[in-house]
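Each chain is listed here by its residues.
Protein chains: 2
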Amino acid sequence: MLTKQSDDFSKWYNDIILRAELADYAPIKGCMIIRPYGYAIWENIQKVMDVKIKKLGVNNVYFPLFIPEKFFKKEAEHVEGFNPQVAWITHGGGKKLEEKLAIRPTSETVMYDAFSDWIHSHRDLPFKVNQWANIVRWEMRTRLFLRTMEFLWQEGHTAHATEKEADEMTKTVLKMYNDFAEEYLGIYCIPGEKTESEKFPGAKYTLTFEALMKDGKALQMGTSHQLGQEFAKSFNIQFLDEKGNKKYVWQTSWGVSTRMIGGIVMAHGDDKGLILPPKLAQYPIVIIPITYDSKIFEYIEKIEKIIRNKQIDYFIDKNEQQTPGWKFNEWELKGAPLRIEIGPKEVKENKITYASRDLLKKENIDLKQFDPEKLLNAMQKRLYEKSKEFTIKNIRKVKSYKEFKKILENNGGFIKAHWCGNPKCEKEIQEETKATIRCIPFDQKNKKDVCIKCAKEGKYEVLFAKSY
Amino acid sequence: MLTKQSDDFSKWYNDIILRAELADYAPIKGCMIIRPYGYAIWENIQKVMDVKIKKLGVNNVYFPLFIPEKFFKKEAEHVEGFNPQVAWITHGGGKKLEEKLAIRPTSETVMYDAFSDWIHSHRDLPFKVNQWANIVRWEMRTRLFLRTMEFLWQEGHTAHATEKEADEMTKTVLKMYNDFAEEYLGIYCIPGEKTESEKFPGAKYTLTFEALMKDGKALQMGTSHQLGQEFAKSFNIQFLDEKGNKKYVWQTSWGVSTRMIGGIVMAHGDDKGLILPPKLAQYPIVIIPITYDSKIFEYIEKIEKIIRNKQIDYFIDKNEQQTPGWKFNEWELKGAPLRIEIGPKEVKENKITYASRDLLKKENIDLKQFDPEKLLNAMQKRLYEKSKEFTIKNIRKVKSYKEFKKILENNGGFIKAHWCGNPKCEKEIQEETKATIRCIPFDQKNKKDVCIKCAKEGKYEVLFAKSY
Numbered sequence: 001m002l003t004k005q006s007d008d009f010s011k012w013y014n015d016i017i018l019r020a021e022l023a024d025y026a027p028i029k030g031c032m033i034i035r036p037y038g039y040a041i042w043e044n045i046q047k048v049m050d051v052k053i054k055k056l057g058v059n060n061v062y063f064p065l066f067i068p069e070k071f072f073k074k075e076a077e078h079v080e081g082f083n084p085q086v087a088w089i090t091h092g093g094g095k096k097l098e099e100k101l102a103i104r105p106t107s108e109t110v111m112y113d114a115f116s117d118w119i120h121s122h123r124d125l126p127f128k129v130n131q132w133a134n135i136v137r138w139e140m141r142t143r144l145f146l147r148t149m150e151f152l153w154q155e156g157h158t159a160h161a162t163e164k165e166a167d168e169m170t171k172t173v174l175k176m177y178n179d180f181a182e183e184y185l186g187i188y189c190i191p192g193e194k195t196e197s198e199k200f201p202g203a204k205y206t207l208t209f210e211a212l213m214k215d216g217k218a219l220q221m222g223t224s225h226q227l228g229q230e231f232a233k234s235f236n237i238q239f240l241d242e243k244g245n246k247k248y249v250w251q252t253s254w255g256v257s258t259r260m261i262g263g264i265v266m267a268h269g270d271d272k273g274l275i276l277p278p279k280l281a282q283y284p285i286v287i288i289p290i291t292y293d294s295k296i297f298e299y300i301e302k303i304e305k306i307i308r309n310k311q312i313d314y315f316i317d318k319n320e321q322q323t324p325g326w327k328f329n330e331w332e333l334k335g336a337p338l339r340i341e342i343g344p345k346e347v348k349e350n351k352i353t354y355a356s357r358d359l360l361k362k363e364n365i366d367l368k369q370f371d372p373e374k375l376l377n378a379m380q381k382r383l384y385e386k387s388k389e390f391t392i393k394n395i396r397k398v399k400s401y402k403e404f405k406k407i408l409e410n411n412g413g414f415i416k417a418h419w420c421g422n423p424k425c426e427k428e429i430q431e432e433t434k435a436t437i438r439c440i441p442f443d444q445k446n447k448k449d450v451c452i453k454c455a456k457e458g459k460y461e462v463l464f465a466k467s468y
Numbered sequence: 001m002l003t004k005q006s007d008d009f010s011k012w013y014n015d016i017i018l019r020a021e022l023a024d025y026a027p028i029k030g031c032m033i034i035r036p037y038g039y040a041i042w043e044n045i046q047k048v049m050d051v052k053i054k055k056l057g058v059n060n061v062y063f064p065l066f067i068p069e070k071f072f073k074k075e076a077e078h079v080e081g082f083n084p085q086v087a088w089i090t091h092g093g094g095k096k097l098e099e100k101l102a103i104r105p106t107s108e109t110v111m112y113d114a115f116s117d118w119i120h121s122h123r124d125l126p127f128k129v130n131q132w133a134n135i136v137r138w139e140m141r142t143r144l145f146l147r148t149m150e151f152l153w154q155e156g157h158t159a160h161a162t163e164k165e166a167d168e169m170t171k172t173v174l175k176m177y178n179d180f181a182e183e184y185l186g187i188y189c190i191p192g193e194k195t196e197s198e199k200f201p202g203a204k205y206t207l208t209f210e211a212l213m214k215d216g217k218a219l220q221m222g223t224s225h226q227l228g229q230e231f232a233k234s235f236n237i238q239f240l241d242e243k244g245n246k247k248y249v250w251q252t253s254w255g256v257s258t259r260m261i262g263g264i265v266m267a268h269g270d271d272k273g274l275i276l277p278p279k280l281a282q283y284p285i286v287i288i289p290i291t292y293d294s295k296i297f298e299y300i301e302k303i304e305k306i307i308r309n310k311q312i313d314y315f316i317d318k319n320e321q322q323t324p325g326w327k328f329n330e331w332e333l334k335g336a337p338l339r340i341e342i343g344p345k346e347v348k349e350n351k352i353t354y355a356s357r358d359l360l361k362k363e364n365i366d367l368k369q370f371d372p373e374k375l376l377n378a379m380q381k382r383l384y385e386k387s388k389e390f391t392i393k394n395i396r397k398v399k400s401y402k403e404f405k406k407i408l409e410n411n412g413g414f415i416k417a418h419w420c421g422n423p424k425c426e427k428e429i430q431e432e433t434k435a436t437i438r439c440i441p442f443d444q445k446n447k448k449d450v451c452i453k454c455a456k457e458g459k460y461e462v463l464f465a466k467s468y
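Here the protein sequences line up with chains R and W, keeping their order.
For the first sequence, this note's numbering begins at 1 and goes up steadily by one.
For the second sequence, this note's numbering begins at 1 and goes up steadily by one.
Where chains are identical, the list cannot tell them apart; a pair therefore holds if satisfied intra-copy or between any two copies.
Okay, derived cross-link-like pairs now, PhoX-like style, lysine-lysine, Cα gap no bigger than 20 Å in a straight line:
{"no.": "1", "residue 1": "Lys100", "residue 2": "Lys29"}
{"no.": "2", "residue 1": "Lys55", "residue 2": "Lys318"}
{"no.": "3", "residue 1": "Lys29", "residue 2": "Lys95"}
{"no.": "4", "residue 1": "Lys70", "residue 2": "Lys29"}
{"no.": "5", "residue 1": "Lys345", "residue 2": "Lys295"}
{"no.": "6", "residue 1": "Lys434", "residue 2": "Lys466"}
{"no.": "7", "residue 1": "Lys96", "residue 2": "Lys29"}
{"no.": "8", "residue 1": "Lys128", "residue 2": "Lys318"}
{"no.": "9", "residue 1": "Lys406", "residue 2": "Lys416"}
{"no.": "10", "residue 1": "Lys73", "residue 2": "Lys29"}
{"no.": "11", "residue 1": "Lys305", "residue 2": "Lys55"}
{"no.": "12", "residue 1": "Lys368", "residue 2": "Lys302"}
{"no.": "13", "residue 1": "Lys302", "residue 2": "Lys345"}
In case anyone wonders, no lab produced these hints; they're calculated from the structure.
Let the sequences and hints guide you as you build the complete structure.
Following this line, the structure appears as C-alpha cells:
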C-alpha cells in the first residue's frame, strides 16, 4: 500500500519515487541512482532545453570537475557561501596532492580563469557558454531529486560589454526557464527577484522562479544570476572597447537541475502515484492487451501505426505474468499519461478504451476517432491549468503578522505581504515561522502597504513560504 | 607557423588542438577544457551513438560519481588494475569522512551492487543500461583527448542469463562501435580480441577496435568486455531461472570516450591543420564572403536556403576585420569540410566557388548544380577510403624478429606476426621494442606460422604496434 499524501507527504514522495523506479538510494549516504524511468525524463528535459539554450547563441563546453583551492578562494562572497558544502580531493594516484582540489559545487571560478585567457576585445563579446554536468555539494539533510550530494544540471555562463546587456541576458534566461516550466513541466511558476540574503553568493542579484507543491511548500525551480563585475575583477576578465579603453566584463550565470523532476512529482502526483506531463514522460502512451491472442496484437498494430505517425513514444505491456488490473495500478503508479486497453470487445467493435492519468475516467471511442496527439496535448494543458488554479488559490494576502502565522500553520502556500527591505525583519520572520521570502515578484502593481513585521514603509510586496 | 607533422608529430598534435580551439589546458595539471568547437564534435558523436545504443535495447541511467572503498575492493583483479589510478575524497562538508570515497575510474562496482537489488528472475534479464558520464583516472603522462585525468565517455553494462548471450552482446556492441568509426569518424579500424595481459581488469575477455594514426602509432578506439560471472559472484547478482534454480548472471561492459576526437585529429589531419569528417563537424560548411555589400549577402541567402533544405549546419564568416585569405587559412586550420567563397564574380555569373578540405582544390560551378549533401558525402567517403588505404599499406607481415625491429624503427604501423600465446614472449617484445599486441584480429584465415619471438608454434596471427 502507498502512503497517502494527506497522511505523510514526505513519505508519499519517497515511496512514489522508489516504487515508480524513478530513482533509488545509492550506497553512499546522500547520493542517488537515477533509474531508466527517471533518467528518461531528464533526457527529455535536456533535449528541449538544449535547443532553447542554443537559440540564445550559447555553445556547449566542458570544464574540469576539479577546482584548485586557490581559484576557489578568489571571490570572497563566493567562497564564503560555498565553502561549507565542498568535497575535497587530497590523494590521487597513490600520493598526497600538493594542493587539494575542490569538486565543483558550481563552475564560476574554474571557468572565469579561462575566460580571462579567451576574452580580449569587444569583438569577443558577448561570450556565451553552457555545460551539462554533475555537481557536488555536501548536504547533511538530503532528499531524492531535491537535495542530494551529487546532482545533474546545466550551468550557463556569459560575459557582456555592458551592464544593460547582462541585465537583459539574466532576464531572457529566466523567461526561457519559466516558459519551459509552464509548457513542458506543466507547472505554474512565479518569477521574481531574490532578496539580498537569498541571492547567489557573489552575484549582484538573482532572479528565480518559484512553484507551489501540493503540500503547500514552495520549490525554487531554477535561478538566473547577474554577476556584476566582481568575478571579472577577481579573475581579471578585461576587454578593449571600441575606443581602446580597457574594461571589465559584466557576467551572468544560470542553471536548472534534476531537482525539476522532484517538482514534477510534487506538483502533479496524487494518492495513486505519479502523474507525468505527456511532453516529458518516457512513454506518453501505454497499451495494455487484455488477452494475448494474435487478433489482439494485430489490432494493436493498427494503433501503433497511428501513434508512430505522430512520433509519440509508447510501450506495450506484454507481461503475461500479471493481470490487466495489476497493470492498470502499476501504470497509474508510474504516471503514464495515456493508458489504452485492448481486449476482444475493442477488437470486435473496432474501438479503443482509454483513460488519461489525471482524469482516470475510462472512455470508449471508435478507432477512427483516436487522435493521440490531441488527447495528450489536452492532458498537458489540464495539468498546467490545475497547477495554476491551485497556486493562485493558495496565494493569500495578509494584513497582520498574526494572520501571517495562522495561515502558515493552517494552510501553507504563498503568503503575500509587504516588506520594508530590511534583512533584520526577513531574518526574524524566518526564525519565528520558518518561512522565507521566496521572491519579490516582478509584478509590483498592487498599492503600497506597511511591512508585515515592523510596520514601517513596505517597499516591496513579496511572497513568503516554507520551502524545500 | 604550425609545426609540421614530419618535424614533430606530437607537437603538431598539441598545436592544432589549441589553435583550432578544440580544447585548452586546464589549470589542474593533466585536465583539459573542451571548447565549443571540440565539444560540438562530442555532441554529434553522442547524438548518433545514443540512438545506436538505444536500438540495442539499452536504457540510460545515472549512477553516483563516488564509490565507497569497500565496494571498490570486492573484485580482486579489478581493484588491482585500477587502484593506482584512483583519486580519493577524504573530506566533505568541513569534516573528515569515516570511509574515503573513490571517484569513479569506471562504474562496474557501484552499478553491480544495485544490479543485485534489481535482478531477481530470468524475467528481469537481459538487463541493459548505459550512462554518459565523466571519469577520473590519475594519469602521470597526459595528452589532450587521448589520456587526461578526467574524460567523458559512455559506459554500457548488461547482465544476461547465459554465457552465449553475453558473448553475443559483447560482439554486437563491438560491431556497432566499429561501424560507427568507419561511417562517422571516417577511420578504418581493425577489430579483434585483446591478449590476457591487455584485457580489462576483471574481464573474461576484451574485444577492441584499433586504428592507425598518421605517425604510424596505433590508437585503441574503444573496448567491449565479456565479464563472465566474476563480478556477479563478488556482488551477488543472482536470478531464478525458468526451472527455479538460482544462477549467477553473465555480464558485459563497454565504452568509448572523448579519446575518439584525438583519433579524428591524428587519422585525418595534415600540415595545414584539422580535417574534420563532414558527419561530425560543428559546421560542415563555412561560407566566406569576399566583399561585404548587400548583393553578396542576398546571393548567400540563396545558398543558405539550399543548405538548410538538406538540414546541414553552416557558418557564414562575416568578420570584416580579417581578409578572405586569412579566413581561408583559419578554416583550413579548423578543418571545415566544405569552404564556399562568394565574391562579385560568383554573384555576376550565378556560380559558387568551393573547396573540399581534403582536396584543397578550388572548384567553380553553377549555383544550380550545387548539391552540398553530395559534396559532403563524397568527402566523408574519401576520408574513409584514404584511412583504409593508409592502414592496409602499413600492415606489414614479418618473418623474423630482426625484420620486426627494423620495420618498427623505420616504418611504424602494424606488424603482423604469429605469436605462441605465451605472455612471456609478449612481455619481452614489449620491453625490447615498446610494441604491444594491439589485438588478435577476428580474421585468422592465414596459414599457420611460428612465434616471432620463440619460434614455437604460433597459435595466433596478431597485430603488434607502438600505441598511444
